[in-house]
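**Student:** Here the structure of chain A is known, so what remains is to put chain B in place on it, guided by the hints.
Listed below are the residues making up each chain.
2 protein chains.
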Amino acid sequence: MANCKSCPTCPTGCATDEDASFRVSPDYERFSQKRDVFCRSHWDPEVRSDKTERFYESYRRPLKQWRRVDGYAQKDFALRNAGWHVADLFAERLEGEDRREGFLDYLTAHRGGAPEQREVTSPDEMAKEIKKAAKLFGADLVGITYYDERWVYSHKYSRAAENETPVDLEEGLTSVVVVCHEMDHDLLKTVPSALSGTATGVGYSKDVVTLLALAQYIRNLGYRAYASMNDTASSIPYAIKAGLGEYGRHGLLIAPGIGPRLRIGKIFTDLPLAHDRPIRFGVKEFCQVCRKCSDGCPPKAIAQGDPSDETHNVSNVVGIEKWTTDAEKCFGFWATQMTDCSICIRVCPYNRNYPAWLNRLRFTLMGTFLRRVMLRLDSLLGGGQRTAPKLWWNRLKS
Amino acid sequence: MANCKSCPTCPTGCATDEDASFRVSPDYERFSQKRDVFCRSHWDPEVRSDKTERFYESYRRPLKQWRRVDGYAQKDFALRNAGWHVADLFAERLEGEDRREGFLDYLTAHRGGAPEQREVTSPDEMAKEIKKAAKLFGADLVGITYYDERWVYSHKYSRAAENETPVDLEEGLTSVVVVCHEMDHDLLKTVPSALSGTATGVGYSKDVVTLLALAQYIRNLGYRAYASMNDTASSIPYAIKAGLGEYGRHGLLIAPGIGPRLRIGKIFTDLPLAHDRPIRFGVKEFCQVCRKCSDGCPPKAIAQGDPSDETHNVSNVVGIEKWTTDAEKCFGFWATQMTDCSICIRVCPYNRNYPAWLNRLRFTLMGTFLRRVMLRLDSLLGGGQRTAPKLWWNRLKS
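One line per chain: the protein sequences are A and B, in this order. For the first sequence, the numbering used here gives the first residue as 1, with consecutive numbering after it. For the second sequence, the numbering used here gives the first residue as 1, with consecutive numbering after it.
Bound conformation, chain A alone (with noise of 0.2 angstroms):
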């Protein structure tokens, strides 16, 4: 079942959920954000507490010291809400509203587009064309697929009337265009800090941008575009079937070459493009036999089994057959520390900073019969472990 509606680009025929290995059963329920942990932090006083109030109150305020640990001074925070900020003039632009763009809304910081459609006549040089425009814009990955309904959550989140609303996309579009920005590894070693939290923030910064100006690039060609980060739909299953990477046990998408210190975003659009396919190079089966992140994650929120339909709680989707994590535990850690957390990141064997040669032969052996040894081999080399926050700001200094 490939799920595309009204789709003319694929001659082939579009990408199934069996290529992505996806497992959707017939009661598969689209996700309402309002049950996201996020909004349930506003809404829902089984997750909203003094420390979630807390952990938002220190994006917003900066103090002059928070936590009298390394990684938690003013300097950390004072970063860290700079590597937000411009992600966050953009989410703060409509709030007035009602609209916070970019997590609960998609992107309408545009200007008007051309009034007359530039003639496509080849989807394929019209999707080179395009993935050459977000590299140009900063995009580390780009790939494209089909419009799937599924992954468009039923609902948005108002929180003016503290309840779920319609999605206002419009119809008859026909492709996403999915980007991903890379997060900066050495940050992400500090994990958990507030200093880590700043290669979070930057790379939303980074997304919103790209993705402001590439869709500003197809209405200027005459079409629709809508800019997604956190907001409107899923990001992950549209990653995957783009081709960009695969799922991982911590419910990260896992790219070739990079891992998974990526974020995400999307543009949904009807500019007649052609569409990728999705890869895979054994990440389900090194995540079979590999627990890094689910034996690193403090509040133990990542699950340690095989993947599974079973859910944790309402802020999971319905009728998926995955790793599913639980995000109320998950959420919960992010207010005890004040700041996100990505030690899933951090300790994932995927996620390491050697050249990139080096990287795709291991990528290639992880996926090979020998990923017991590379496990293994990345646990001598001391993969994953922590650098302190203070070593981060000393060392590389230049």
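Derived by calculation from the structure, the hints in this document are not laboratory data. Worth double-checking, as some hints may not be accurate.
Here chain B is said to cover these stretches of chain A; the calculated rule only asks that three of the stretch's residues, wherever they fall, bring their Cβ under 8 angstroms from a Cβ of chain B [what the hints assert, rightly or not]:
| # | stretch |
| --- | --- |
| 1 | 84-94 |
| 2 | 131-140 |
| 3 | 159-168 |
| 4 | 217-225 |
List of simulated lysine-lysine pairs, PhoX-like, C-alpha gap at most 20 angstroms [to be verified]:
| # | chain 1 | residue 1 | chain 2 | residue 2 |
| --- | --- | --- | --- | --- |
| 5 | B | 329 | B | 300 |
| 6 | B | 390 | A | 132 |
| 7 | A | 322 | A | 284 |
| 8 | B | 51 | A | 135 |
| 9 | B | 135 | A | 75 |
| 10 | B | 329 | B | 51 |
| 11 | A | 329 | A | 51 |
| 12 | A | 75 | B | 128 |
| 13 | B | 390 | A | 128 |
Here's a subset of chain B near chain A, in silico, CB distances under 7 angstroms, partners left out [claimed, not checked]:
| # | residue |
| --- | --- |
| 14 | 55 |
| 15 | 78 |
| 16 | 79 |
| 17 | 82 |
| 18 | 89 |
| 19 | 114 |
| 20 | 120 |
| 21 | 121 |
| 22 | 212 |
| 23 | 224 |
Quick reminder that beta carbons are idealized off the backbone N, C-alpha and C, glycines included.
**Tutor:** What follows is chain B alone, placed relative to chain A:
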């Protein structure tokens, strides 16, 4: 004469004009931005014309075809304007309040800073930290110099009043952090073309994003920070004093290893920071024997002779001995082309995309008695030849 007021951070004395090869005469006058050719294209009938109006219009309204020439099709203008989009958003954000941020006024898209200042015991350490943050946020080059009021505009330009108004920079700012972003080499190879203007737009968009994040970081440490692009002050004198490069015949900054392919932004701050010192690597002597830019400039806007304090018109600064470009001729050509021109960058022998080690070697030799040989060699190797825009679109697709 160092011209630094209240600067406690240079124990060996601030860099003098002599250190930077500046020749500023006693009749030097601070520049009023109203005299800038872009401002004049709004109020001065000597500059404003149907052509200049059409030039600006091409940035705002996407049309299917502006000119029937390779490099000026819908996709070329569409890409250029999309590259400018993020910089435009910040420029237009407060136009209703007569602020055109990044071009006529400094950026104000900031969150409140910290109420308490972080204690700075070592301006030297603090400078290293700021440089590290700047690179993390996207800067390709960073340097720091002291606040020198001479390069701050005497007045800025108000579009609403169509007249000059005082620059609103606060007293007590002691340092200027200069950041540079490299523009795309391959796009600039296609100049003149609307396509090549994408490099300019993307450069500004990167600049605004880095500046906003870095200034927010300084504010989060409890200090003042005003981020500026083309507004408020000339950038090049600060960049030279901050050790980022030398001044070239075409009136642009030439940086070691990169050349003139740079956009420059700056942050005025009172954060205690150690200052860099100017560098020399033989650019002045090379430009003395090279005429690639002045010969290659279609409207002959670039000085053919020696540096002098003669001016062409009111758009030039009075009282500095330097190579001075005729801004009226330069911008007149832009208006005819309906896009900005960077032929002087394309042909400059410092603007070559060789591997880094080879450029380092070349730049070193260009700074010795071999400069004429290096110049001839560059010509023999076809340096600076134009790439047809359609080749750019076809060649680099991946």
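**Student:** Now look at each hint and say whether the structure bears it out.
**Tutor:** So, going through the hints one by one against the coordinates:
no.: 1; hint: 84-94; verdict: holds (count 4)
no.: 2; hint: 131-140; verdict: holds (count 6)
no.: 3; hint: 159-168; verdict: violated (count 0)
no.: 4; hint: 217-225; verdict: holds (count 5)
no.: 5; hint: 329/B to 300/B; verdict: 7 angstroms, holds
no.: 6; hint: 390/B to 132/A; verdict: 14 angstroms, holds
no.: 7; hint: 322/A to 284/A; verdict: 10 angstroms, holds
no.: 8; hint: 51/B to 135/A; verdict: 33 angstroms, violated
no.: 9; hint: 135/B to 75/A; verdict: 16 angstroms, holds
no.: 10; hint: 329/B to 51/B; verdict: 13 angstroms, holds
no.: 11; hint: 329/A to 51/A; verdict: 13 angstroms, holds
no.: 12; hint: 75/A to 128/B; verdict: 13 angstroms, holds
no.: 13; hint: 390/B to 128/A; verdict: 14 angstroms, holds
no.: 14; hint: 55; verdict: 17 angstroms, violated
no.: 15; hint: 78; verdict: 3 angstroms, holds
no.: 16; hint: 79; verdict: 6 angstroms, holds
no.: 17; hint: 82; verdict: 4 angstroms, holds
no.: 18; hint: 89; verdict: 5 angstroms, holds
no.: 19; hint: 114; verdict: 4 angstroms, holds
no.: 20; hint: 120; verdict: 11 angstroms, violated
no.: 21; hint: 121; verdict: 13 angstroms, violated
no.: 22; hint: 212; verdict: 6 angstroms, holds
no.: 23; hint: 224; verdict: 14 angstroms, violated
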